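Protein chains in written order, with this note's numbering: chain H, 1 to 281; chain P, 1001 to 1399; chain L, 2001 to 2214; chain Y, 3001 to 3209.
To be clear, the hints were calculated from the coordinates, so they are not data collected in a lab.
These figures come from a predicted structure and were not determined experimentally.
Heads up, none of these hints are tricks.
Computed footprint of chain P on chain Y, listed as stretches where at least three residues anywhere in the stretch have a Cβ under 8 Å from a Cβ of chain P: (1) 3020 to 3028; (2) 3116 to 3125; (3) 3140 to 3151.
Computed, partial: chain P to chain Y, Cβ under 7 Å: (4) L1153; (5) L1308; (6) S1367.
Using N, Cα and C, we set each Cβ at its ideal position, and we do this for glycine too.
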Amino acid sequence: MSWYDKLLQVDRRWIFLAIGVAVVVPFFVPLGLPVIVTEPVQGLYDAVESIPPNDKPLLLSIDYAPATLPELEPMALAILRHAFRNDVNVIVMTLHPAGYGLAERAVRGVAEEMEQVEGEDYVFMGFTPGVSAPILGLGVAIRNVFPEDAYGTPLDEIPMMEGIRNYDDIPLAITLAGWSAAEAWIYFAREPYGQQVGAGVTAVMATDYYPYLDAGQLQGLLGGMRGAAEYEVLIEREAKGVKGMDSQSVIHLLIIVLIVLGNVAYFAQRSARRKMALEDA
Amino acid sequence: MDRFPRILLIVLTLALPALPLFAQVPPPDIEIAAVDSVAPAPVTGLRAHDYVDNSDAGDKIELTWELSADDAAGASDVVRYEVFRSEIEDAPGDSVGFALAGFERFLDTTAEAGTPYYYTVLVSDGTLLSSPTTTGPVRGVSNFFQPSRTSVLVLALVFFVLVLIFTRLAERGADLFVRRIPGLNAIEEAVGRATEMGRPVLYVPGIGEIDNIMTIASLNILSHVAKITARYETPLIVPTARAVVMSAAEEVVKQAHAEVGQPDTYNPDNIRYLSDAQFAFAGAVNGIMLREKPAANLYLGAFWAESLLLAETGFEAGAIQVAGTAMVSQLPFFVTACDYTLLGEELYAASAYLSKEPKLLGGLKGSDWMKILIIALMALGIVLNRLNASWFVEFFHTQ
Amino acid sequence: MSHHIIWTTIGAILTLSIYSFLYKDNPFYKFAEHLVVGISAGYYLVIYTFNFIVPNVARPVFGLELGGEAIRFAGLEWWMALIPGLLGLLLYARFFPKFAWVGRWPLGIYVGGYAGLGLSPVMQARVLQQMEANALPLTSLTNILLVVGLLGTLIYFFFSMRHKGVLGVFARIGIVFLMVGFGASFGYTVMSRISLLIGRVDFLLSDWLHLAGG
Amino acid sequence: MRRQLPLTLCFIAGVFMAVQYFIPHWRVQDVYDRFLTWLQIIFAFAFLLGTVSLVKVHYHKIRNRAADRGFSWVVLAGLGSMIGLGFFAPGHNDPGSPFDMMFQNVQVPIEATMFSLLAFYIASAAFRAFRARTLEATLLLIAACIVMLGRVPIGDLISERIPEATRWILTVPNLAAKRGIMIGVGLGMMATALKIVLGIERAWMGGGD
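Sequences and hints are given; from them, build the entire structure.
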């Protein structure tokens, strides 16, 4: 048995083990590699940065579910920290029922950390179903979609919501989603109402959103954990995103090596078999 | 030479009124104290008119005026223009907002359509107000058509007409040409190989529900594959992840056997429901690949993350693999692990080509000619832009 | 042991149960897999009920109150909550075979409404705006590549003519662009899955075991 | 009544929603606004149909003594406990309540871990199945490797060219290809929606009369 046959027959559990080791080791031996910021992330940061303090609020729609949590939660935390640091008011809502608990834990956690007051600096609207219908509805009147916040307080009794009627009073809406909700915000907030929209999506989706970014339909785009890491660098508060980049680097290298090794062994095996077939003939 | 500074001075003076346009807008709550105790001069030429925009329900009224004589000139102490709205003449009414010094425009977005309003503008220097300038009555007009969306309407109508014409033509039995997708040859070759080797064919119709258009397209292709395998008496294994898809697949395969005159060779045990759970399903299909050793694996339909697990095991088992899906994020894995892959729309085209169903053909042909129109419009846009004819691009501008 | 540690340990055990699938399918994995189906269905039911149906349907209809404001019995707002609520309930007719057809009424409104509201925004977002953004002056290599690449891709997915001659050339160009595009998707998808793993390992090491810097 | 009425309702709802986009008049927009809320309410009831189906499926499994009925009990127990905690426990869905803790510490870890399994499978497939057998697959794999390197810090360290090449791949070939797909898929979506509104496509009604 030649080397390539042996290599190609290796039990896949060895590969699983290699991945396991590659992800764990950087947690104990951090490489501290620098993260460089790219344009789509800078675009979203600038859009948030340009919102005047204590004025019209940022709308943050936390539309992700637990399945994409490690990619999207660091984005939510970074954006909330950025907004609260700048004294920008934030409306938090969700279009995914599982987003309820996740949005609540994100906004409450950051608000506590940065001493923000509910009702004055932020408001949590909770969940509303139907995706396109509520996104369109917010363009007519926020009160029609959310007559009250998640805890049953009527919007008219929330100081922060005074004079905030619809998209006309929202300088920027950001959606964080691991599913088509991000696209729905472009179709139903950006197109009919001209609302400025930014998006944070999983890396799986990110490449498909470049046409929207290029056509100016998105103010900025965060793609996956790397996008979150860049945002953390911009607000100078490094957290889980940046921390994950070391392991990410190591595993990417490992996977490239696996692809190259696999192909080399495969082609060596194929040419040897061809040679044998020729000799037999 | 001494004329130079004078020209510079004149230019600078002329440019001065334009400065506020470039300057940073000061935050409204920081008010500059008046430099004198004289009220600023009022605005002139105040006008109010209905405003048309993308959400115009008659709730927007635009005001324009000429700057106060004291704005950036004269006493140069204007801070802002206060705007008031009233439903009765000669009453100041309520404040609806303000515009900063240097601005000649205000947009009231809180009007009620059809109500007559009087607008009053007062110039403020931070302490004193000018005499009022009033205009009116003006009504917000609710429009019956959104002119900025004409291009959307036109293109949508053209597309719909195309789709409907082709659907009707197909219903009447017109011969609509659709080219043969190379992927179909690949599928037939794979099935042929399995027949030669005397081994079964595995057909996975994805894990989508029955109402997913990819699943429907897949069932059309399954019918074609089942006819070939029935003719050559090659076993066809169809594992499914949805009970409803399983019964639909049973119907399709049974029908195919009947159509080629081999109703007895239909084996219902080969159409199987494995599991609704994604990874459990993938694991069970992989089990079939290792135990029953199909020579051809066909993955056509809606696939999510399980695509990777299926294609890897199939490759390892040495089967010929053909895949097809419109799930873009799964296509890369199929392309690198399968012998041939139908990309995105090719799946639908293959299904329309095989089934000749009018509603499928109508959509396909309509989209095709729409693409030609899009290419033509884009080319025209490039040419006209080059000739500085901006009206064309503006017509398509919707924001 | 505090309350918090118990809950985190439950989360960690369930996480490890899922990873046990890497060795092979086993009852621990199956247990976690089935448990989450029930838990999530229950969670969604409660959130839908208290976050949406109670304030928007139940309280207007039974409590005569919407968003903190009183509404009139049999007034416009009351009907506007009652009618869609009843339509929604009609959907459940499908569980009674004799009346199943009644469920098609609300379904018709729902399917038609959603189909109709998407038409124009999709045309605007996916066709018009993209067309406009791609009508670029052919003055730089990037612009030329963008125009040619889009042309090639559109022609690759053009089925009304055979891919011969010029059409064939463009279709070949199209496939090159498509493959590079899919390559980018591939790289990003790999990145995505690995991030998820990193997130879970971070949970196990930092939040549960407190081993690697909080 | 059985087929014609739902098709008519579908047609009216679809045409109204499509046409209102071009009519900004407040009378039309008022109806539109109310109709959006109706759609949301029907959507909510439709979503919860799934819960009833779930109970039905597992109830049948248990009653028919299916081989893996033990796990059906697990599903129903999970559902029952959440309903119990959500509806009847004090402070039912406040942060930190038992209901919330069940979500945060049972649902979240399981769902989040499920897809991270794929990191392992991708690595294994990278070695055993991703082959540069054709020109297309070769191009794809080369682009993929560049992007994989270019999006992690270690790529910047190896060479500045790698992130630059990644940026180029994303904003030129990837952009053109994805835009082409986007237009094609968009047309397909619109054709399907049109066929639904006009009653040409009526699969949503299911079988029967």
